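Peer 1: Since the structure of chain A is already known, use the hints to place chain B on it.
Here is how the chains run, residue by residue.
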Amino acid sequence: MSLATETTARPVEQFRVTRSRRNVIWTGAGALIVVVVFALFPYIVHSGTTAILVQAFIVLTMASMWNLLAGYAGLVSVGQQAFVGLGAYFVLILAINGTSPFAALPVAAIGSGVAALPLWWLVSRLRSGYFAIATWVLAATVMLIIEKFSSIGGGTGMPLPGFAGFDPTLLTAYTYWAGLAVTVVAMLAIYLLLRGRLGLVLTAIRDDEVAARSSGARVGLARMLVFVVAGAGCGAAGGLLAISQLQVQPGAVFSIQFTAEMAFVTIIGGLGTIEGPILGTIVYMVLQQTLASYNAWYLIILGLVAIFMALFARRGLWGLVDARLNLRLFPVGYWLRLDK
Amino acid sequence: MSWVNAIIQGILVGGLYALFACGLSLMFGVMKVVNLAHGDLAVVAGYIAIGVITVTHIPVLWSFLIVVPVMAVLGYVLQRTILQGALDRSVLATLLVTFGLSVVIENGLLQFFTANTRGIGSGLALVSGSFSIGSIQIGYLPLVIFATAVVVLLGLQYFLSTSRYGRLIRAVADDKEAAQLAGADYRHVFGIAAAVAFGTVALGGIAYGMYAQLAPTTGTDTILLFAFAAVVIGGLGSLWGTLLGGVVLGVAQQIGAQISISDETLAGFIVFLAVLALRPQGLISRGAQS
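Quick note, the sequences are listed as chains A and B, same order. Letter by letter, the first sequence follows residues 1 to 340 of my numbering. Letter by letter, the second sequence follows residues 341 to 630 of my numbering.
Hints are computed from structural coordinates only; laboratory data are not their basis. These numbers were taken from a predicted model, which means no experiment stands behind them. Even glycine gets a Cβ: it sits at the ideal position worked out from N, Cα and C. Where hints are given, some of them may not hold.
Example chain B residues on the side facing chain A (calculated, C-beta under 10 Å, incomplete) [unchecked claim]: (1) Phe368; (2) Lys372; (3) Tyr416; (4) Ser468; (5) Ala567; (6) Leu606; (7) Phe612; (8) Pro620.
This is chain B alone, in the form it adopts within the complex:
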């Protein structure tokens, strides 16, 4: 029964990884930017949430109403300034700049907030509570996070396929020069796409802060690497692939943890490497490999 339990817990935590991954995938899909600071920005969002909750005493769950817009604005501004500046130069420059950002943010957090881990809303019934079906315990929080991920992905799909900005984003992602000729300011559209991606990053950061603990190094050694593994396992450029990839990664980790508690992360990475070796286009293939 513990195996069934591991698989169910893995599926649920896969929702969290999909939340990490969809922003990374969106920014690559639209701007061809691989944001190496992705995870660190999620940690920043988590820290902002902790600050907001401490100062305003709003309920923990509603903190996203403040953090998501703040991160979205930050995303727009970063994209219009530093990231666009790097994009105008070369792909190499975007990698150097986002890697620089990642290191600066991580060490900045370390400097100002120490290496201590911080949780969000620990002690809440939602965070620690669970219900059981038979012998399987299901936490409320992983369930809520999984549901959030599904809602976010549905929202993204709806936004991209029907809204005005969604159509602009798809047009610009296909051919930014042609879109520019047709009257779309691609720089502004890139900014909007970054804002949306950073919004999902904010949700991921808050969710992780509630699910586990945030520390300055969480951004790279957990969030970025898991997000990336989920993107590759699911298939590059596929939105729902991030959920599938997240679920596969989560299940692999939970099964690894069943074998030996210290093998949780390693098991996830080994499945990632196996997918890379055997099916580099990912489980859901769009045929677009880049």
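Just chain A, with the same shape it has in the complex:
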């Protein structure tokens, strides 16, 4: 009774719940302009620059997928190179059978996503740290199995066929556009997934898994979905890798280095935000280009920075930006607006 009186006694506050403080049309238009400008790059800049950008697209796609896993679903996978490698091999196998490698990219993504299902069934039995190493063992196993097929290059790999008729300049441009397309689709997919029901379930799990379960959130299903999407995304990135390097070698495409890059880029940029991997990729590319002549040093420095970030700046560089400006480029949460 007293509760009711109290509620009515308070002045009625007007409020609205919105996705963002600014009009979403403006951010959408901004994103579209950025994509269009990027799409025009092959006409403007040198082919060396587009090659570097393709590398950035690969890293950004992989890091965004890893961020979805670790930052949103709490799944630390150190075996994502399994999907990078699978994606590369899907493109290779299709190219051997006469499909254009570019047309094979969507197949590589879907194939890797489908492959993620049985792998999830195996690794989902373990939690947290043991889950992490299990994914690593899986990646090693997948590589060892693929190495057994000599028709796709066995242990030494083989060059990617299907580029015979291409003019080199045109090939660079096509590769670039393919890279841009993969990245845009991947980011859009993540954005839409996190805006939707899955995003809500994942946020609920992150805040309190037991409470989420008892409220009927299908935790296992949500995590499986994330694992499959991340597998598909890393597969697409792997296919892109095969196209940009024009060859597929098991030791190279199944390298743990990819997972290291994904993880470090995400941690440095900001775990659990869509913007974080973008910022992290910029940092990564700058470091990699400056330290390219120093072999493994860029990974050592990235690793040290990532350890520092994980310990002292948990929300990464984007977290620092966000703390000052309160800015969201990809609004997936809600704002509560009170009208005075």
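Peer 2: This is chain B only, laid out in the frame that chain A set:
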């Protein structure tokens, strides 16, 4: 007869895998830390051993007298600083930090010591010698390593069940807040547990350097993955399970190698995946799955 031989060699090499695995299992059991840098630290221990032997000319076997204490101190310091710092934040942070450590160590070794493989004490009678029973050749080294693993596991069990620090470690592993209330500084006890685990890591690294060759990537593609497979096959949280898991893994690998020499590693992983699929709690079940 070659099958019997494969099984015996597999059992013996299982001791090596148990040496890798017991430290991983101990750190998870006590601190809930899955140390992804476990294997790389074993390689570091092996490299330290090579350095110590080259500089001081002490007998190869006695190098552990220096390397084990060095690694134990490193373990205590790492646990009290970086690992505890990560633990205070979240489980996620411990994974990110140890994975970062793993990559940094591996690439650091690559940068300073090149990708060349290095052995420890190659040419010694102990390392290359063997004796035969009937048609089966048994190397002295695998036998010594297996015996070492059994001694280490017995020592660990004795230490955990009877010593003062062992009791503290078990108390803290059960409930660190309650142990803290009862007067045990759990951070210090975690440090001691890490020191013990790193001691076993040091033995594993030296043993592997003698048994095979060490390279910067050995830490992850062999030691960490085999240690983990042994832990899962044996059963999470079981000390003697690591020996059983190591033996099963070793036998699977040797049988795989009998079928085709290139299938050695794959056969081990397939048995691991089969255990994961059919009996995820491991062969020795404590009922505790996490």
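Peer 1: Is the shortest C-beta separation between B:Pro620 and chain A less than 10 Å?
Peer 2: holds, 4 Å
Peer 1: Answer holds if the nearest beta-carbon of chain A is closer than 10 Å to that of B:Phe368; otherwise answer violated.
Peer 2: holds, 7 Å
Peer 1: Would you check whether B:Ser468 satisfies its interface hint, that is, whether its CB is within less than 10 Å of any CB in chain A?
Peer 2: This interface hint is violated because 28 Å lies over the 10 Å limit.
Peer 1: Hint validation: B:Phe612 versus chain A, beta carbon distance must be below 10 Å. Holds or violated?
Peer 2: holds, 6 Å
Peer 1: Closer than 10 Å between Cβ atoms is the bar; does B:Tyr416 clear it against chain A? Give me holds or violated.
Peer 2: violated, 18 Å
Peer 1: Holds or violated: is there a CB of chain A closer than 10 Å to the CB of B:Leu606?
Peer 2: Cβ of B:Leu606 sits 4 Å from chain A, so the hint holds.
Peer 1: Taking the least C-beta to C-beta distance, is B:Ala567 closer than 10 Å to chain A?
Peer 2: Result: holds, 9 Å to nearest chain A Cβ.
Peer 1: Does B:Lys372 meet its interface restraint, that is, does its C-beta lie within less than 10 Å of any C-beta in chain A?
Peer 2: holds, 8 Å
Hint compliance for this structure: hints 3, 4 are broken, all remaining hints hold.
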